[in-house]
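Okay, so the sequence shown: first residue is 1 according to this note's numbering, each after it adds one.
Just so you know, these hints were derived from the structure itself, not from any lab. Do not take every clue at face value.
With a straight-line Cα cutoff of 25 Å, these simulated DSS-like cross-link-like pairs (lysine-lysine) come out [claimed, not checked]:
#, residue 1, residue 2
1, Lys610, Lys590
2, Lys378, Lys590
3, Lys82, Lys219
4, Lys244, Lys267
5, Lys267, Lys598
6, Lys290, Lys267
7, Lys45, Lys164
8, Lys244, Lys164
9, Lys45, Lys293
10, Lys623, Lys598
11, Lys638, Lys598
12, Lys590, Lys623
13, Lys222, Lys45
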Amino acid sequence: MGFLVNIDNGGTFTDVCISDGNRLVHAKSITTPHDLTQCFIEAMKRGSRELFGEEDLGRLMRETDCLRYSTTSGTNAVVEHKGTPVALLVEAGAEDDLYGAHASLGASSLWRAMVPGRPSGIAVGPEGAIDEHALTQIINQLLSAGAQRLVVCLKSAAAERNVKEALLERYPRHLLGAIPFLISTELVDDQDFARRLSTAVINSYLHAGMEHFLYGAEKVCKSLFLKRPLLIFRNDGASARVAKTTAIKTWGSGPRGGLEGALAYAKLYGLANVVAMDIGGTTTDVSVIKAQKVALRPYGEVDSLGTSFALPKLQSFGLGGSSILSVVDGAICIGPESVGAVPGPACFARGGTQATLTDALLVLGVLDGENYLGGELKLDRARAEQALKANIADPLTHGVAAAAAAVVAAFQAQVGAQLRLVMASAGVAPAQCTLLAYGGGGPMIISGIAQAIGIQQVVVPRLASVFSAFGIGFSHLAHEYQVPLAATTGRLEAAQAELAVRARRDMAGEGVAVDDCRYEYAVWSAEHDNVTEQPLANIANGGPDARLTLKAVYELPATPLVRDEASAGTPAPSAGTLELNWGAGTQSVKVHLDATLKPGTTAVGPCLLKGDYLTCLIGQGWKLRVTSNQDLVLEVVKS
Numbered sequence: 001m002g003f004l005v006n007i008d009n010g011g012t013f014t015d016v017c018i019s020d021g022n023r024l025v026h027a028k029s030i031t032t033p034h035d036l037t038q039c040f041i042e043a044m045k046r047g048s049r050e051l052f053g054e055e056d057l058g059r060l061m062r063e064t065d066c067l068r069y070s071t072t073s074g075t076n077a078v079v080e081h082k083g084t085p086v087a088l089l090v091e092a093g094a095e096d097d098l099y100g101a102h103a104s105l106g107a108s109s110l111w112r113a114m115v116p117g118r119p120s121g122i123a124v125g126p127e128g129a130i131d132e133h134a135l136t137q138i139i140n141q142l143l144s145a146g147a148q149r150l151v152v153c154l155k156s157a158a159a160e161r162n163v164k165e166a167l168l169e170r171y172p173r174h175l176l177g178a179i180p181f182l183i184s185t186e187l188v189d190d191q192d193f194a195r196r197l198s199t200a201v202i203n204s205y206l207h208a209g210m211e212h213f214l215y216g217a218e219k220v221c222k223s224l225f226l227k228r229p230l231l232i233f234r235n236d237g238a239s240a241r242v243a244k245t246t247a248i249k250t251w252g253s254g255p256r257g258g259l260e261g262a263l264a265y266a267k268l269y270g271l272a273n274v275v276a277m278d279i280g281g282t283t284t285d286v287s288v289i290k291a292q293k294v295a296l297r298p299y300g301e302v303d304s305l306g307t308s309f310a311l312p313k314l315q316s317f318g319l320g321g322s323s324i325l326s327v328v329d330g331a332i333c334i335g336p337e338s339v340g341a342v343p344g345p346a347c348f349a350r351g352g353t354q355a356t357l358t359d360a361l362l363v364l365g366v367l368d369g370e371n372y373l374g375g376e377l378k379l380d381r382a383r384a385e386q387a388l389k390a391n392i393a394d395p396l397t398h399g400v401a402a403a404a405a406a407v408v409a410a411f412q413a414q415v416g417a418q419l420r421l422v423m424a425s426a427g428v429a430p431a432q433c434t435l436l437a438y439g440g441g442g443p444m445i446i447s448g449i450a451q452a453i454g455i456q457q458v459v460v461p462r463l464a465s466v467f468s469a470f471g472i473g474f475s476h477l478a479h480e481y482q483v484p485l486a487a488t489t490g491r492l493e494a495a496q497a498e499l500a501v502r503a504r505r506d507m508a509g510e511g512v513a514v515d516d517c518r519y520e521y522a523v524w525s526a527e528h529d530n531v532t533e534q535p536l537a538n539i540a541n542g543g544p545d546a547r548l549t550l551k552a553v554y555e556l557p558a559t560p561l562v563r564d565e566a567s568a569g570t571p572a573p574s575a576g577t578l579e580l581n582w583g584a585g586t587q588s589v590k591v592h593l594d595a596t597l598k599p600g601t602t603a604v605g606p607c608l609l610k611g612d613y614l615t616c617l618i619g620q621g622w623k624l625r626v627t628s629n630q631d632l633v634l635e636v637v638k639s
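Work out the full structure, taking the sequences as your base and the hints as a guide.
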């Protein structure tokens, strides 16, 4: 078996996880937002160093069977409004109304960045007839105004087909003057015109930048003799090659990787309710997995704009290890602004002067400044103290250590408050849930967060710091197709056959044997902001929004997980004690190195687990056990 390589390109760090079925290694590199190809390559270089004992990127690529990649490129383009603006063609009369969505779309700064000009309108006659002369005039005007891309969103698919045929005839794609265009019904068959409109515009806005970057990344891989296509992980939990990836499906794909890992863990440990919590540098992302299923919102939103695609019910809060700290009216405020990877927290010594949670944890002694990221990055305690003094301690008239302790308490309280809201929305009580803590900051102060809200069991994955990259490795190569159920009346078999033709064509385009794929028909419904899927036999139960779906799946190899059969046994080896300075006094805690923890190993808090990429402070009243999969299970000590 060759290597399975999974890469998650996050806002602060780019993570890589590599497995061959026996060994599992991981590494991190600083994300380079100015050129994401740099951190993509650097992460693989560091991964090869962990794997071979020396850097050998060429060997890693030659011996890789599957490379799956989640990129933040699309998410960055949305946040920074740095996509390619589009011109918009709608039906005459909808130029200002935008199919009833003008109020919501017009209020969005993202929409104004995507569609800077007034949409053009064209009259549509019976059976989708259009005036081709009028269309030519509109396109010429748009080209003269410098339009770079065109989105066509008319009410009927027939009208859009007529526009497409006319455009291809008058502006053949081989001509330099041709304008790239997107036909909305070819992207998604949605009879909510406003929703289809925003979906098509977002996709077109992201397309050019994503295409340029991803094909560039694939070119790099090919130059290093990667023998399989680069696969792009999507926000629907599946992967596909670059040529078969829809740009909008890359938005938010990183957090979905963590949810795929959380789903695998829910099944591994037989957990009914899992609160998946990813604390990164910029945000904390939270979702509840019930009955071992990722909860989906039938019509997800991208920056508050509705789309026609289902997206995970994932709440994101501006609370992370690099969130900027301040004092407002005597209270500590955290985020939502972040220092990111550049300049980063003050302790990174890269020019940052703002205080962050990372600085506070370093000052308290929770973080080891000499061995952060396995020693790749030395943390400057003096700079952290200066930032905390200027931004927190002086405004509160605290000492620096007391200010750092107050920051940790505020962070735990604010994250805990958000967790309560998410659990209440999902209809689960804290005592019914297991908290799965991952991300670079997830495990650091997790027992304090869990205790504050009444959660009694926490699982910390052994690869918590790169868990989203790890989770990507559970995705399969897949495509999904939908058609409104109402359109299949009296022709269900024909509709199934049409979807099957598309599915087999696309899977062949992925380079896999179509007969080796799994084809699953279902009835999809949206009910009360939830997605339900039923077998095709229940087609009569489909509501007005129901769709016939076909999912084509080619199973990819995944990193094996080990069923937990480890009983509590040997106490964890001691690596000494550490004095943590909480301002009001010091606390002596036992230190355990994660490299020495074997299945069945136990420990009791207060203690600190340390490793190259893991820091986990376990409070008084908590105990831990190492599972057969080498994960940590933390539980409240029963009195």
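Against the structure, the hints come out as follows:
Using a Cα cut-off of 25 Å, the hinted pair Lys610 and Lys590 holds, with the two alpha carbons roughly 11 Å apart. A C-alpha spacing of about 23 Å is found between Lys378 and Lys590, which places the hinted pair at or below 25 Å, so the restraint holds. A distance of roughly 23 Å separates the Cα atoms of Lys82 and Lys219; the hinted pair therefore holds under the 25 Å criterion. Between Lys244 and Lys267 the CA atoms are separated by roughly 30 Å; this puts the pair beyond 25 Å, and the hint is violated.
Between Lys267 and Lys598, the direct Cα distance comes to roughly 22 Å. Compliance with the 25 Å bound is thereby established for this hinted pair. Distance restraint check for Lys290 and Lys267: the Cα-Cα separation of roughly 11 Å lies within the 25 Å cut-off, and the hinted pair is therefore satisfied. Annotation: proposed proximity of Lys45 to Lys164 is violated, straight-line Cα distance about 45 Å (limit 25 Å). Between Lys244 and Lys164 the alpha-carbon distance is near 21 Å, which keeps this suggested pair within the 25 Å criterion.
For the hint linking Lys45 to Lys293, the alpha-carbon distance of about 35 Å lies beyond 25 Å, and the restraint is violated. Between Lys623 and Lys598 the alpha-carbon distance is near 15 Å, which keeps this suggested pair within the 25 Å criterion. Restraint check for Lys638 and Lys598: the C-alpha separation of about 24 Å stays at or below 25 Å, so the hint holds. The straight-line distance between the Cα atoms of Lys590 and Lys623 is roughly 13 Å, inside the 25 Å bound, and the hint therefore holds.
Restraint check for Lys222 and Lys45: satisfied, since their Cα atoms lie roughly 15 Å apart, inside the 25 Å limit.
In the structure shown, a violation is registered for the earlier hints numbered 4, 7 and 9, in ascending order.
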